[in-house]
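Got chain A sorted already, so can you dock chains B and C onto it with the hints?
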Amino acid sequence: MSQLRLAWVFFRLGALNELEYRANFFVQLFQALLSIGTALAALSIVFSHTTALAGWREDQLVALLGIYFLVGGMINLVIQPSMERLMEDVRLGTLDFTLTKPEDSQLLVSLKQIEIWKLVDVAAGAAVLLVALIRLGAGLGLRQAAAFAAALLAGGVIVYSFWLMLATCAFWFVRVQNILVIFQSMYSAGRWPVSIYPPWLRSTLTFLVPVAFATTVPAEALSGRLSGQTLLGAAALAALLFAFARWFWRRGIRHYSGASA
Amino acid sequence: MATVLLDQPTVFPMPAARHQPLPEAAIRVHQLRKIYAVHEREAGLLASLRSLVRRRTREVAAVDGISFTVQPGEVVGFLGPNGAGKTTTLKMLSGLLHPTSGEVRVLGYVPWRREKAFLRQITLVMGQRNQLLWDIPAADSFELNRAIYRIPREEFRRTRDELVELLELGSLIGKPVRQLSLGERMKCELAAALLHRPQVLFLDEPTIGLDVTMQRRIRGFIAEYNRRHGATVLLTSHYMADVEALCRRVIVIHHGRLLFDGDLATLVERFSPHKTIVVELEADTTLPATQLPDDLRHLLASSGTAAPADGRLTLRVPKAETARVTEQLLRALPVADLTVEDPPIEEVIEQVFAQPAERHETYG
Amino acid sequence: MKPMAEGCNDKRGLPMIDLLDAYAAHFKAYIALQLQYRAELVIWLLGMVLEPVIYLVVWSSVARSSGGQVGGFTPAGFAAYYILFTLVNHATFSWIMHEFEFRIRNGEFSPRLLRPIHPIHSDIADNLTYKLLTSAVMLPAAIVLSLVFQPSFATPLWAIPLFVPALALGFLVRFFFEWVLALAAFWTTRVAAINQMYFAALLFFSGRMAPLALLPAPIQAAGNVLPFRWMISFPVELLLGRLSPSAALAGLGIQLLWLLAALAVLHLGWQQALRRYTAVGA
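Protein chains in written order, with our numbering: chain A, 183 to 443; chain B, 190 to 553; chain C, 35 to 316.
It should be emphasised that the hints constitute simulated quantities derived from the structure, not laboratory data. Computed from a prediction, not measured in an experiment: that's the story for all the values here. One or more hints might be untrue.
Just some of the chain C residues that point at chain A, by a computed CB distance under 10 Å [unchecked claim]:
| hint | residue |
| --- | --- |
| 1 | A73 |
| 2 | M82 |
| 3 | S94 |
In the SDA-like style, the derived pairs of lysine to any residue whose C-alpha atoms are separated by at most 25 Å in a straight line are [what the hints assert, rightly or not]:
| hint | chain 1 | residue 1 | chain 2 | residue 2 |
| --- | --- | --- | --- | --- |
| 4 | B | K305 | B | E292 |
| 5 | B | K464 | B | R437 |
| 6 | A | K300 | C | A234 |
| 7 | B | K464 | B | E433 |
| 8 | C | K62 | B | G363 |
| 9 | B | K305 | C | A298 |
| 10 | A | K300 | C | A227 |
| 11 | C | K62 | B | R346 |
| 12 | C | K62 | B | E343 |
| 13 | C | K165 | A | S370 |
| 14 | C | K165 | A | V358 |
| 15 | A | K294 | A | L335 |
| 16 | C | K62 | B | G359 |
| 17 | C | K165 | A | R357 |
Backbone N, C-alpha and C define an ideal beta-carbon position, used for all residues, glycine too.
Next comes chain A alone, as it looks inside the complex (with noise of 0.2 Å):
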């Protein structure tokens, strides 16, 4: 009996938190509808010139694009705000608070801080992505769903492991915020495919800023172009930077407690 009290009491504090915010979820609706209508309209008047772009199809582009919000969203939604917050903590000195609870340091400061709203963009990136693949229709195999799925695996790691890193060189220099912006101006690269790019562009969007593997490479593999060499590479790519992300991190703590002691 207690137990449906309880779950009651729930209910109600959540359903008061969601009225509080109702406003705050049509905003953000708002604001991802018109996101995806400018990137999809500019997609559409380029497609008023051509049938093609360096090969892609519009439908392919459009998965593309649902790919990008997706993971864009991802990013929002957790990475980029743990990251601002622990180089606010460490430039604070407030991260003492974070190292001192019994769990692995890295995986606390990595979830820190979560923007439930973005929740809107990713489920609106996932809604256009949808959307394309069913436009695409058949051709979309098994195989080729898992090497979507592995693309999209291995590029995330890759993208939370480029921003640990970038997020742990604050335990050295202060002042690296800014560093992150470099980033979300790279990002909106990703919206086509980087082969379009010149190749110093292209390399820089792979391997500076390894913005292609977040967008292009998954979307190749839901068009049939991903070859197993290039997902091989992402994968490898994946379990490297993940391994260095965290070797460094650990030296950025050591460097930290023992600056701070």
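Positioned in the frame of chain A, the structure of chains B and C alone reads:
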């Protein structure tokens, strides 16, 4: 018999207007009112749902019909607890807020019309918000003010040097403002606010958050500035020391209403009907309660003093009874020392604030 | 010593001279201020340069796959368009609509309202100072982009002197409209959504996403009655030599009309904003 002052004023402000024929009042306020509409919602799920459809508004009067006049050169203190309406009043006087009703004239202008000629003659300093640019030296912000207020260069140099000297700024103005301590920053803000030699100064909690030495210095500066230039000063503060040191005249605001307008001395006299008698008994005296005359025992009991502790007795007596009780004490007890004091001014003010919102006393 | 009487200040001279003096003083202060944030200034520019480059690459790719040109633009033509667009965009942009919410929340508006000068002047000075400092980066960036993308210019000589007023008018129209947009912060905290709508309109109608000639006809028609073309696209079209002399002069006239409209909206908007601020408080 001295009132207990926490800080001796260094210079007692004399309004310059005393020596001139009486000019137009510097500030004239009549039935000033500022009413805010506040959205209200009770806690609870049903109320949340209801609030989606219909919003309930409650009217809150931040300032509720105050009137007063300030002559040029006066230094007036605004006293009141948080939320009493002091800052709201200052904002209406400086043009930042538009009153709901009532009349205000500052130097003959209507403040919220924000005429340039008006803005050039006033200044508002709010303790926490700054006008100085954060990352550059204060001296650069001073230059900016010079241009904005159209101050002739020669005059600007003279005023700036005078302010630097009075506030003991020295090399501080060459350092970026973010490198200054809170007190140093406050001094620079004051200097910046006075570069255009305003005739009316609105100071909102100018000493808040500062250490005692700095508070004293700033009080001294304001007093000296008023003495030299005859500027009208309206000062709000939490700290009695500010008001005691600077203001001959005090306006007490509470619940948006004017509770008192007059001399500080009159305020104390009017609102503190008690005096405190402190008696020190001769060494090695034990005082069994039975030895005391009845009414003295009553008095002790009623004033909450039990048997005297370590030879010291503190009594609160109604003013009228002071002489009689003193005589009784001297007769009945082996008194080594006896002092009659006014209660601390904070206590007086608390009493005033404890008044219900209806009362209004003016002592010219 | 008597307090200063009001008349003494007026003997300084005409108000315009004082305004220029105020601007000069602002420039001095803001240059010192902004130089402290060198790194941030440059990083902001990255996005401003990258976005046109992206569109440049996209449209060049379309041109190449469509027989070498699209809507009269070759890849070299696109390069010229977008490099010029980057510079004109940099010269006309502002960030004021993001700043007002911050100012109001922190009570930073009150000191500005106490000054005997319209608060827009310090914002204009701040904006121009930023552009002065960052042009030291933008101009070399434009040169580098030219070396990489090989633009081709067909600028007629008469267009060059006309470009200066076109750019100035474009800046003023854009700045005033964006300042009014920023005033929305007095009424709501949801300025992010409002700003996003503005930038979406700007993206299409100012020629940012594509040269206006490439847009579908109904959108172009809509764009002609909106001010966005006159903020950025028009000066670019002018300098690229895509307008006839009469069209160019007519365009300058339309810019002037939009400037008057912007000033009217600014005046009304500011009055309303002031009324709101003084009713509700900081």
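Against the structure, the hints come out as follows:
{"no.": "1", "hint": "A73", "result": "holds (6 Å)"}
{"no.": "2", "hint": "M82", "result": "holds (9 Å)"}
{"no.": "3", "hint": "S94", "result": "holds (9 Å)"}
{"no.": "4", "hint": "K305/B <-> E292/B", "result": "holds (20 Å)"}
{"no.": "5", "hint": "K464/B <-> R437/B", "result": "holds (22 Å)"}
{"no.": "6", "hint": "K300/A <-> A234/C", "result": "holds (20 Å)"}
{"no.": "7", "hint": "K464/B <-> E433/B", "result": "holds (19 Å)"}
{"no.": "8", "hint": "K62/C <-> G363/B", "result": "holds (15 Å)"}
{"no.": "9", "hint": "K305/B <-> A298/C", "result": "holds (21 Å)"}
{"no.": "10", "hint": "K300/A <-> A227/C", "result": "holds (14 Å)"}
{"no.": "11", "hint": "K62/C <-> R346/B", "result": "holds (18 Å)"}
{"no.": "12", "hint": "K62/C <-> E343/B", "result": "holds (19 Å)"}
{"no.": "13", "hint": "K165/C <-> S370/A", "result": "holds (24 Å)"}
{"no.": "14", "hint": "K165/C <-> V358/A", "result": "holds (24 Å)"}
{"no.": "15", "hint": "K294/A <-> L335/A", "result": "holds (21 Å)"}
{"no.": "16", "hint": "K62/C <-> G359/B", "result": "holds (22 Å)"}
{"no.": "17", "hint": "K165/C <-> R357/A", "result": "holds (23 Å)"}
Comparing the model with each earlier hint shows no violations; every hint is respected.
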